[in-house]
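Novice: Chains as they are written, first to last, in the numbering used here: chain A, 24 to 514; chain B, 24 to 514.
Rather than coming from a laboratory, the hints here were simulated on the basis of the structure.
Some hints could be false.
Same chains, same names: a pair is fine if it fits in one copy or spans any two.
[What the hints assert, rightly or not] Distance condition first, Cα-Cα at most 20 Å in a straight line; then the derived SDA-like pairs of lysine to any residue:
id	residue 1	residue 2
1	87	151
2	254	299
3	73	429
4	439	423
2 protein chains.
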Amino acid sequence: MPIKTLDKIFRPKRIALIGVSNNPDSVAGIALKNLVGGGFQGVVYPINPKYEAVMGITCYPDVKSVPKIPDLAVIMTAAKLVPKLVRECGEAGIHGIIIMSAGFKEAGEEGKALEKQIKEEKSKFPDMRIIGPNCLGILVPGLSMNASFANGMPEKGHVAFISQSGNLGNQLIHWAEQQGIGISLFVGSGNEAQLTCNDYLEYLERDPHTRIIVLYLESVANGNEFIDTAKRINREKPVIVLKGGRTDAGKAAAASHTGSMSGENAVFRAACRQAGILDVRVPSELLDLSAAFSSLPLPKGNRVGIVTLGGGWGVVTADECNERGLQVPRLPHGLIESIGEHLPPFWSRGNPVDLVGTRDMEAPLVAVEELLKWEGIDAVICLGIVGRNEFVRQLTRSTRDVDEQASPEFLTSIEKLSHEYEEGFVTKTVELMEAYEKPVIGVSLSRTDKGTVRFLPGKRYSGVFYQTPENAVNALARMVDHTRFSRFHSS
Amino acid sequence: MPIKTLDKIFRPKRIALIGVSNNPDSVAGIALKNLVGGGFQGVVYPINPKYEAVMGITCYPDVKSVPKIPDLAVIMTAAKLVPKLVRECGEAGIHGIIIMSAGFKEAGEEGKALEKQIKEEKSKFPDMRIIGPNCLGILVPGLSMNASFANGMPEKGHVAFISQSGNLGNQLIHWAEQQGIGISLFVGSGNEAQLTCNDYLEYLERDPHTRIIVLYLESVANGNEFIDTAKRINREKPVIVLKGGRTDAGKAAAASHTGSMSGENAVFRAACRQAGILDVRVPSELLDLSAAFSSLPLPKGNRVGIVTLGGGWGVVTADECNERGLQVPRLPHGLIESIGEHLPPFWSRGNPVDLVGTRDMEAPLVAVEELLKWEGIDAVICLGIVGRNEFVRQLTRSTRDVDEQASPEFLTSIEKLSHEYEEGFVTKTVELMEAYEKPVIGVSLSRTDKGTVRFLPGKRYSGVFYQTPENAVNALARMVDHTRFSRFHSS
Numbered sequence: 024m025p026i027k028t029l030d031k032i033f034r035p036k037r038i039a040l041i042g043v044s045n046n047p048d049s050v051a052g053i054a055l056k057n058l059v060g061g062g063f064q065g066v067v068y069p070i071n072p073k074y075e076a077v078m079g080i081t082c083y084p085d086v087k088s089v090p091k092i093p094d095l096a097v098i099m100t101a102a103k104l105v106p107k108l109v110r111e112c113g114e115a116g117i118h119g120i121i122i123m124s125a126g127f128k129e130a131g132e133e134g135k136a137l138e139k140q141i142k143e144e145k146s147k148f149p150d151m152r153i154i155g156p157n158c159l160g161i162l163v164p165g166l167s168m169n170a171s172f173a174n175g176m177p178e179k180g181h182v183a184f185i186s187q188s189g190n191l192g193n194q195l196i197h198w199a200e201q202q203g204i205g206i207s208l209f210v211g212s213g214n215e216a217q218l219t220c221n222d223y224l225e226y227l228e229r230d231p232h233t234r235i236i237v238l239y240l241e242s243v244a245n246g247n248e249f250i251d252t253a254k255r256i257n258r259e260k261p262v263i264v265l266k267g268g269r270t271d272a273g274k275a276a277a278a279s280h281t282g283s284m285s286g287e288n289a290v291f292r293a294a295c296r297q298a299g300i301l302d303v304r305v306p307s308e309l310l311d312l313s314a315a316f317s318s319l320p321l322p323k324g325n326r327v328g329i330v331t332l333g334g335g336w337g338v339v340t341a342d343e344c345n346e347r348g349l350q351v352p353r354l355p356h357g358l359i360e361s362i363g364e365h366l367p368p369f370w371s372r373g374n375p376v377d378l379v380g381t382r383d384m385e386a387p388l389v390a391v392e393e394l395l396k397w398e399g400i401d402a403v404i405c406l407g408i409v410g411r412n413e414f415v416r417q418l419t420r421s422t423r424d425v426d427e428q429a430s431p432e433f434l435t436s437i438e439k440l441s442h443e444y445e446e447g448f449v450t451k452t453v454e455l456m457e458a459y460e461k462p463v464i465g466v467s468l469s470r471t472d473k474g475t476v477r478f479l480p481g482k483r484y485s486g487v488f489y490q491t492p493e494n495a496v497n498a499l500a501r502m503v504d505h506t507r508f509s510r511f512h513s514s
Numbered sequence: 024m025p026i027k028t029l030d031k032i033f034r035p036k037r038i039a040l041i042g043v044s045n046n047p048d049s050v051a052g053i054a055l056k057n058l059v060g061g062g063f064q065g066v067v068y069p070i071n072p073k074y075e076a077v078m079g080i081t082c083y084p085d086v087k088s089v090p091k092i093p094d095l096a097v098i099m100t101a102a103k104l105v106p107k108l109v110r111e112c113g114e115a116g117i118h119g120i121i122i123m124s125a126g127f128k129e130a131g132e133e134g135k136a137l138e139k140q141i142k143e144e145k146s147k148f149p150d151m152r153i154i155g156p157n158c159l160g161i162l163v164p165g166l167s168m169n170a171s172f173a174n175g176m177p178e179k180g181h182v183a184f185i186s187q188s189g190n191l192g193n194q195l196i197h198w199a200e201q202q203g204i205g206i207s208l209f210v211g212s213g214n215e216a217q218l219t220c221n222d223y224l225e226y227l228e229r230d231p232h233t234r235i236i237v238l239y240l241e242s243v244a245n246g247n248e249f250i251d252t253a254k255r256i257n258r259e260k261p262v263i264v265l266k267g268g269r270t271d272a273g274k275a276a277a278a279s280h281t282g283s284m285s286g287e288n289a290v291f292r293a294a295c296r297q298a299g300i301l302d303v304r305v306p307s308e309l310l311d312l313s314a315a316f317s318s319l320p321l322p323k324g325n326r327v328g329i330v331t332l333g334g335g336w337g338v339v340t341a342d343e344c345n346e347r348g349l350q351v352p353r354l355p356h357g358l359i360e361s362i363g364e365h366l367p368p369f370w371s372r373g374n375p376v377d378l379v380g381t382r383d384m385e386a387p388l389v390a391v392e393e394l395l396k397w398e399g400i401d402a403v404i405c406l407g408i409v410g411r412n413e414f415v416r417q418l419t420r421s422t423r424d425v426d427e428q429a430s431p432e433f434l435t436s437i438e439k440l441s442h443e444y445e446e447g448f449v450t451k452t453v454e455l456m457e458a459y460e461k462p463v464i465g466v467s468l469s470r471t472d473k474g475t476v477r478f479l480p481g482k483r484y485s486g487v488f489y490q491t492p493e494n495a496v497n498a499l500a501r502m503v504d505h506t507r508f509s510r511f512h513s514s
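If we strip away everything but chain A, and leave its shape as in the complex, we get (with noise of 0.2 Å):
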């Protein structure tokens, strides 16, 4: 299938949506809602017999009315409607469709016919191409490009998303939203009447926005054809994939949902691995990665410093590398005297770098950068540094309850203080990745309201804070993951 093919739909210039809603808590509303207020530069014509417009727009009542051919069209009427209109689409010159109506080949005998009257229709237009049915649509972030009816616009950015769920795939563009990662491309791809994951995978293969590809699964069409794609793609952008139906109670579950059987999954997933792909075992993990892959560097072994303000999370850092495969080595001699120039005289003294909860702003930074410095570290983990912002904040409105001889002065100087350090971190880590192309990656421990990634304009990446160390330690392992088959696969 031609690539520029699927660019009619990822790229569309006007957009019907057949079966509008003016009601905003319906789908139809939603994805209207979403799309004309998510601020598409292109034409989006209504469709919808019974209305004359729609939040201002002139509604036509059928996709034959409207002014000039759309690109693409996007279904959201009932499921016995469907097939028909798909003809008309086809009729009209459209090429490109999102069918997102639910009531096919997931619910029943009856839902499995109109699939197959749509896949008839469908073979009545050779250049026709239809994502779904029973899917959550599309987001296209750079164009502003919301075709879809889903809770959430991430910014702009390298991860392509392709999720089989809508429910889950909503999430998944939610906490993209909330955490800070930019996407280049959501598809919710349903039931794959027609387009299937591997045409997208192809399509991301050459999308130049693409840089890192994230699949939830539950079923794979042709599963040889998915592996052999994924693991060339793999070597040039990271494939990450969540499968679920890996057990007799999710694959129970999968063939009520999007109606697929889920084939031999251990099969699956050991080929996964011998290609390369990261297979990933829940949805967070997802997310995790992406933001990892998108911002920092990968590193080029397993050996990481850690930099923490209290003994505690030192520890459990340093248990959970070692569980992990990862090395946490000890320092030279040498070295500890050098670093030490720099560090408060309380200083652990060794590996994990453990500063006493120093108040001494810059000892941290050092630390950090003395680790990177050594060429026997590949990663360095900072505990604790970008989020004491929230235990600042929680100790001034505190002392304000309490205490009214405090200075109001004193007090906003230490708030304002707080903040500017841990910009300032922030931009001074991703200074620090780009000097040495070693990953840093923080742990706020504390829940923040800034997302996972902090993007920085004009920077080739950003600063990453997990809430835990154990997402941190995940993500770091993973990456060495990576690196580790792309150097076998290389040689």
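Please arrange chain B on chain A, whose structure you already have, making use of the hints.
Specialist: Relative to chain A, chain B alone:
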């Protein structure tokens, strides 16, 4: 050691704060603000010869000068002053001492010598009990007593925390507060120059306010005694342990932190498991299990019913259950028919019960109750029902932004309905747990500003809502472990 002796420390009427400061950004300043500002109902004697008063409270030059003998003295001075102050406390008749000051065993030879001097001074006063040194202090929310320099004060409740690390303990406290986990007591045990975890365990065994005991340990002074005590207590009060220093890297870090040698860890962990003590891997799990064990009835078996608004989350959760040893039983035909009478026609007709994004407010509750009624189910996990409110808020906000024709009253009514529905769902969930004595665990998926635990006054149980299914499944799997162990040992 008699239990009541520790009551002097944990339930004091008069507290001397030795080395107070009026700098709100110092350890001693924070401790003062915490104790006075936290609402402690007893008497506080600030001690520092440099001040006439702090926060408006008369300051005394030393412990000899205070009006009545304090039950507890908290020492926050430089390390080198501490041995002399311990002697002065003893001479003044003070039996309870918390030494927050650092710079002892964890800080090299000089510190070791100072810690030895403390023990020598202590030996002159047989009734004296010392917590620390190098510790965070203690919190007793039930007495509004915050004798620590922690950033936060959880609600009162039934979970006791003991942490050998101050930095990590501080974060546990912060998380407990954010997550709505009520605590009976927090002890930062620090270097354990005198009182050890074993002493605290024995105290907590008989403490009527404590039902669950959570420990972060780096070293155990007397492993066999610890295991014996914990094993005995665990039959009545679940004991949850995170042992830092499990690996070589972690062990090295622990040695430079609390000055501890971690001992034979594999042996310790095996002993924990044999004793039925719940050992966990990461700090966040301590909170997750605290929430579950303190809020939910124990499951009687491992059979889980899953209720979801979307198929993908059902699949992922079923996979997690199976991989963690939990069953997701098929529903018998008769049950499908009878519960189908109350559900929308498009439900999955199986377990997971997939309600396919229903707007029917009653359907999720009906599904939960029907599952609970069935003797083939021991616990229910429900996904995305409480938490959907975040999406509703996002929807109404963005609709207001882009659609001038949208009725403000309609949008407000949707928000109100959604909020009230969630509150009602939490209440109903708790009532169902009381009626059926089976746990119902929620997964919010979205990050909410509510805590994990939703406490309802006058109820035996509380609602528990984790953000991700993996957290819910893990908590449930560990509860099943506990049930299995208890049953095995009572038979």
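Novice: Evaluate each hint against the coordinates.
Specialist: Going through the hints against the structure:
1. In this assembly of identical chains, residue 87 and residue 151 lie within 20 Å of each other by CA distance solely inside one copy; the values are 17 Å within and 91 Å between copies.
2. For a Cα distance limit of 20 Å, the shortest separation of residue 254 from residue 299 inside one copy, 7 Å, qualifies, whereas the shortest one across copies, 45 Å, does not.
3. Proximity of residue 73 and residue 429 under a CA criterion of 20 Å is satisfied inter-copy only: 18 Å between copies versus 65 Å inside one chain copy.
4. Taking the shortest Cα distances, residue 439 and residue 423 sit within 20 Å of each other inside one copy (15 Å), while across copies they are farther apart (33 Å).
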